[in-house]
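What follows is the residue order along each chain.
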Amino acid sequence: MKQQAFEQAHGVFWQAFEADLLLLEQGKSLGQEAAKALPARYRQICQHLSLARSRHYSPRLAERLNELVLRGHQQLYRSGRPLLAQVGHFLLAGFPAQVRAEARLFWLALGLFALPLGLAGLACFYSPEFIYSLMPELQVDQMERMYDPAKRALGRERESDTDVYMFGYYLMHNTGLGFQTFAGGMLYGVGSVFYLLYNGLILGGVAGHLSRLGYTGTFWPFVAGHGAFELTAIVLAGQAGLKLGAALLMPGLITRGAALKLAARPCVTLILGSALFFLVAAFIEAFWSSSAALPAALKYAVAGGLWAFVIAYLARAGREASHGA
Amino acid sequence: MLDTRTALETPEGIDLNLTVAGPIPRGLAWALDFLIRLGIYIGLILVLAQLEAFGIGLAMIAAFVLEWFYPVLFETLNHGVTPGKKALGLKVVHDDGSPVSWNASLIRNLLRAADFLPAFYALGSLISAFRPDFKRLGDIAAGTLVIYADKPPQAHALPPGEAEAPRVSLRLAEQQALLAFAERAPRLSPERQAELARLLVPELAARPETAVQELLAQGRWLAGPTR
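If you read the sequences in order, they're chains A and B.
Per our numbering, the first sequence starts with residue 1, numbered consecutively.
Per our numbering, the second sequence starts with residue 1, numbered consecutively.
None of these hints come from the bench; they were simulated from the model.
From a predicted model like this one, the values you see are computed outputs, not experimental measurements.
The C-beta atom is built at its ideal place from N, Cα and C for all residues, glycine as well.
Be careful, since some hints might not be right.
Chain B side only, calculated, beta carbon under 10 Å to chain A, not exhaustive [said to hold, decoys possible]:
1) Ala141
2) Ala165
3) Arg171
4) Ala173
Output of the computed footprint for chain A on chain B, the stretches with three or more beta carbons under 8 Å from beta carbons of chain A [as the list claims (entries may be wrong)]:
5) 8 to 16
6) 50 to 58
7) 97 to 104
Chain A with its partners taken away, still in its complex shape (with noise of 0.2 Å):
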């Protein structure tokens, strides 16, 4: 067949192609015949390409079907459920279904970060000079200053706007070292182990000194609520960051890259629900935590209803759902 007779036969047919193609890429629906023949004509196109290149056909005529093939392809190989119909079950079931899945990773994290949190909280406990060992003197100094009861006492109840200011540096900052602790899986899990061992290790050490000098009155109340969301989402987003670590360090019988890929979707569960306990704890942090009116027994109290929601809602949440599927 000559390609002019060719384009002749076929031409009208893929100017209805493309006119379909610009009003699916324009977010807009097909009728119901048009979508289900929508793969059958795909389908002849790219059969149509295949001959265009095998009788040497223009250049340009193969160029042009390509580009529909290109088209087509876009359209119909789209992944994924709307973003919406996820949410729920994320919540309700996917991610601690998730964390459950990988749970050796969660108590690897675990262990990494509450050891030296352990360790680094006793040494500063027992030893004044230890905290220097972990952060420079002017921060040392500042944390002392910001729980000294002496000068809580004076102080004024924070105003509401600073609330949100606080809010917002605590989203900005703990979330962002989450990401971060995330991201270091990637070089081998070496940067999660690393960011897990640190943050435990200058958490242990803040909570140990300021215990030391006498500021339990202050620093512990102040913690206790929004750590159940805090330090789980350190725990978490280490997790997740050791997974990357351990596709590309046991991948098994697949390639590195293949195992990545295949981490890749549970690490996303992981790390989306770190982002979330996250966000739950700068809101806690910022507007529960630093109230300084409230009596330090209602925190506690608070606090012991907060870490048993976290626990029961990783250890149960989604169980039933996660048997069904």
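Based on the hints, put chain B in the right spot on chain A.
Structure of chain B alone, referenced to chain A:
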């Protein structure tokens, strides 16, 4: 291989041709996006600073969302194109050429933090420079490619005139040679044009005197209608 065309086989057994974008255009696109974000930050701070601590808090929330999710939102809602990428004609797609999904976009953009190490995307640039598909770490994990959205322009600037189909069916290389002749003809002297065209006299052109015009007409036909 000097160019960055990659062929990608679809389930229908067709090769899609994609042109992968290198570190320089991608870096420029990033810089543009960064400037846009910077502009937004400055605007936000100027406006929100009026509200003092409350406003700065809002600005920090906005900065957090923009810094981490600006590319994700554009890539997923705008067919893989951020404003910077649009300016450079780039686009993000999956390895199989399909539009980038939320998951893939989140992975590739959160892992920017790894590509950024130790400073200014040094690691990401280094790794992408060693790969034929120019992927940075985030692209490797997410399974995404950054490609040129528009095909390289087909510059068939032919002298205007009649178009006529070739008298025999030609193979691809022959068609390309004919096109190349038609494109370059205006830059050759008339004598040289005639000399070259005469070589094809019995096969493609009827008479030596009009050989040049006949070949040009066929070249125009091969190049397709001018828009």
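Any hints this thing doesn't respect? Which numbers, in order? none
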